[in-house]
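**Q** Build the full structure now, drawing on both the sequences and the hints.
Heads up: the protein sequence lines correspond to chains P and R, in order.
Heads up: the first sequence runs through residues 1 to 423, numbered per the working numbering.
Heads up: the second sequence runs through residues 1001 to 1170, numbered per the working numbering.
Any given hint could turn out to be false.
To be verified - Chain P side only, calculated, beta carbon under 7 Å to chain R, not exhaustive:
1. I34
2. K196
3. V226
Source of the hints: derived by calculation from the structure; they are not laboratory data.
The C-beta atom is built at its ideal place from N, Cα and C for all residues, glycine as well.
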Amino acid sequence: MTELLEPATTAPSRFDQLIRPRQVHGSLYTNPEIFTEELAKIWHTTWVFVGHDSEVGEPGDYVRKTLGTQDVIMTRDSDRQVHLLLNRCAHRGNQVCDSAKGNSKSFRCPYHGWTYRNTGELLGYPYHQGYGGKGKLDLRMASVPRVASYQGFVFGSFATDGPSLIDHLGAAAGELDRLARLSPVGKVELTAGWLKHRTQANWKLLAENETDGYHPQFVHASIFGVTGSPIGALYSEKSTAVTRNLGNGHSENDLRPEFRNYAEPMRWFGTTPERVPEYAAAMRAAYGEDAERIMIEGGPHVMIFPNLFVAEIQVFNIQPVAVDDCVQYSTAVQLTGSGELNRRMLSQSIGSVGPAGMLLADDTEMYERNQRGVAARSPEWLEVSRGTNRESVDDDGFTIGGATDEVGMRGFWSHYRALMDAS
Amino acid sequence: MISSAPPATDHPTFTRDRIEQFLYREARHADESDYDAWESLWTDDAIYWVPADDPDSDPNTTVSVIFDNRSRISTRLKQLRTGKRYAQAPASQLRRVISNVEVIGEDPATAEVEVAANFLLFESKARGSELWGGRTTYRLRAVDGEIRLAYKKVVLVGLDKPLATLGFLI
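**A** Shown next, in the form of structure tokens:
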């Protein structure tokens, strides 16, 4: 009976049994109970990317968003503060707002006419005598308790306390800074609207794939081949690019070593300063000597746990629907003060992402086939071991591997396990 | 500009019968993933557009599901022909019905007519089946006595909702 005296902490947790250093269990993608637990412990707890403050540029602007499985309204009030309101009337639970976006200081529930300020505050209810007069009810539209933004990227957390957004982002914040620095005024806008791509796969297959440098040469060979794209070579065994575990579940494919070798400004976007002369001039005026380096190194390729992916010129917002269903929202990065580059980034994004995108539709096909594949009973485990034999620690203390190594996935799972094991 | 004058159904190229036959042929080539035949229908300056979210959006400032000029139509078809465009390899099984064909107007300056029609499209794929519907606006041009497709805009029903992968020719 001595085993009963063992301290409980030495027993492996449930998720320790499903997540090994080099393997993860297939049920993590298929078990509806685990999905329900993820909603509670990840989507409705940690910082989740919702949208960008440029989508509600003016006071009164609002736009409907999804946070996990929740329908939220992102609003900007008259003090320019951004709020995330849960789209539910405090009276009978009716959906308050049915427009996708607009501008209004208040919302009126169509059911019994209750009105709310765009901060969620209850303004009034018809036939107030039934409640003993005006202003008698201590009710409001609920809001996501913590809302914070970084470089305009708005995140919400349903946890009333916990790590701050800046603590959660950690080293990934620097990648959003790097994106903003591509603008001559240091600002990003996400104002081109969002493609919405329904994906019948578990959301984690997407999160894992975003910094998987192993698949592009295979999944995307068809488009690289017909366009003569040099992107494939960035993810070859000979590439000097590195995959980096940024901590807190975030990871990146750092392509800068490749671009530094070429030392050609704007190569990262497949163009030259001569072809975007106004942009190049604005960058040189804004950043002086640094401009060449910024234009050589290009944009980040970073997955921010659990749902924000920045792929150089595109931003993705992943939201779960069910254990085998999610939505990818994607848009083009627009850099403030960069008109001619923005038009090109938009055009290239339309060709690449969304339901008909020449890149992302193929990724999505793989996610959906992957979901069907993991339904097979054996082998029960998926490998995340690639590159464990050659990973190392960089000067900043981050684990890095080769361009095609699964370093990012291992970082993802390590953070996932910590969140799921938290009581 | 396109005038709303009575449609030129007595035009030697744009009889109503020839217009409808052209729309049905274009639909059949798309349904059968006959990429060469489908590509041969387009003019050299063609636009193939599937708006996202808002049918009246400006494709130069707003994302679209598809906004292809002639060069990008060609790239899209080249990718499909590789047989490794996995979103469409194997190709979807497709059949669509086109109806409510209306000749909207004609533009004598460009020798084009604008035609609109509704469609219902059934897609079967390993993922499952999808029913797609919408209204298409075509601009047809007379080129050496033949009808060619200069512009095709497909406004999907439910374009504001999340869409499944649309790897085929719509």
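**Q** Is the hint on P:V226 kept, meaning its closest Cβ partner in chain R is under 7 Å away?
**A** holds (4 Å)
**Q** Quick check on the hint: P:K196 CB to chain R CB, less than 7 Å?
**A** OK, holds: P:K196 within 7 Å of chain R, min 4 Å.
**Q** Was the hint right that P:I34 lines chain R, CB cutoff 7 Å?
**A** Not OK, violated: P:I34 not within 7 Å of chain R, min 23 Å.
Hint 1 alone, counting from the list given before, is not met by this structure.
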